[in-house]
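Each residue of the sequence shown is one higher than the one before, starting from 0 at the first, in numbering that gives the first Met the number 0.
Note that these hints are calculated values from the structure, not bench results. Some hints could be false.
Said to hold, decoys possible - Lysine to aspartate or glutamate pairs mimicking EDC-like chemistry, simulated, CA-CA at most 20 Å apart:
#: 1; residue 1: K141; residue 2: E268
#: 2; residue 1: K292; residue 2: E223
#: 3; residue 1: K181; residue 2: D193
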Amino acid sequence: MTLTEQALDEFRDAWHAAEGDDFASRLQRQSLEALAAENNALRHVLFELTNRAQSELDLHLDGETVHGHEANAESFAAFVRGVADATKEVAKHLLDRQRRASTLRILAPAPGSVRVVLRAATPEEAAGRTAQNTRTPSVDSKSLDMVAVLLARSEADSDDLNDDVLSGLAARLPQKAHAGLKRAAKAIDAQDWDVQGELRSQHGFQPVHVGPHGAKALLRVLDEHQESSTTTTLSGAIDGQRRSIGALWFAPDGAGPIEAAVPTPELMEQVVQHDAANQRVRAEFDVVAIVGKGANPRRRQVYTLRSIEPLPDAPTLI
Numbered sequence: 000m001t002l003t004e005q006a007l008d009e010f011r012d013a014w015h016a017a018e019g020d021d022f023a024s025r026l027q028r029q030s031l032e033a034l035a036a037e038n039n040a041l042r043h044v045l046f047e048l049t050n051r052a053q054s055e056l057d058l059h060l061d062g063e064t065v066h067g068h069e070a071n072a073e074s075f076a077a078f079v080r081g082v083a084d085a086t087k088e089v090a091k092h093l094l095d096r097q098r099r100a101s102t103l104r105i106l107a108p109a110p111g112s113v114r115v116v117l118r119a120a121t122p123e124e125a126a127g128r129t130a131q132n133t134r135t136p137s138v139d140s141k142s143l144d145m146v147a148v149l150l151a152r153s154e155a156d157s158d159d160l161n162d163d164v165l166s167g168l169a170a171r172l173p174q175k176a177h178a179g180l181k182r183a184a185k186a187i188d189a190q191d192w193d194v195q196g197e198l199r200s201q202h203g204f205q206p207v208h209v210g211p212h213g214a215k216a217l218l219r220v221l222d223e224h225q226e227s228s229t230t231t232t233l234s235g236a237i238d239g240q241r242r243s244i245g246a247l248w249f250a251p252d253g254a255g256p257i258e259a260a261v262p263t264p265e266l267m268e269q270v271v272q273h274d275a276a277n278q279r280v281r282a283e284f285d286v287v288a289i290v291g292k293g294a295n296p297r298r299r300q301v302y303t304l305r306s307i308e309p310l311p312d313a314p315t316l317i
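When you get a sec, could you build the whole thing from the sequences and use the hints?
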């Protein structure tokens, strides 16, 4: 059932009216949560209200080494630590800091498979601002988005030995984040896990899936060497995009099509908007020369989006 904006606003108002700690408020929130569970639009609104724009990564582990709801504790710890460490290092890089504690939180797992929910901690409220008015993702939330998209991409084209988008996404992350990602990927590969779930953020809910093949693909690109980097600006048309795996297909004027990595949620939101408006655009890319590992490594050029803007409309002749 499709709900109107008025109905969604009424749901928000009902939630805000039930923010107290008394029994009646708790009962009202439970009723609203049950209602939201039956409607995707309300589910998104409820996420905004409860998480206040901070992303969460909900993952279920399955595979031959998962028995019932049990998995190897050491490998599970390595996987969680790897994702947390990678997210922390990306946040440090974005803030240009040498030291910073991780703010990721683990939510109590629920029955199903072996499950872990990682959530970016809610920033402390600034003086004079109420909880319901805070709608800005923290740097940790953005970093978790970037790590989750990389994990999802690794499985999407795990059979492609030259996945330029996966290489581009990995190249944009700081080297210290690679260590955490390797730890997580090795845990998935060693335990033959099939990890499925979703990334919930203010940009929507995106599926995440990575298994042993994806883990091997991720380990392969994390061992690649970046030889050089330049920038180029191209004009043309967006030929498609997929938010869940950070990919943009671009058709530049007078040249062959390219597939590029889109490294941040903010850039991807711009791509989605320009694509929906069917606009011609001007895009700036990092062009990184990537060299693989091995006796006869192949050298490739990988495109990563830096910025994108609409081109002005062509003048019309009257």
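Status of the hints after comparison with the structure:
1. A distance of roughly 13 Å separates the Cα atoms of K141 and E268; the hinted pair therefore holds under the 20 Å criterion.
2. Distance restraint check for K292 and E223: the Cα-Cα separation of roughly 6 Å lies within the 20 Å cut-off, and the hinted pair is therefore satisfied.
3. Only pairs whose Cα atoms come within 20 Å are accepted, and K181 paired with D193 is accepted, the gap being roughly 16 Å.
When the structure is compared with the earlier hints, no violation turns up for any of them.
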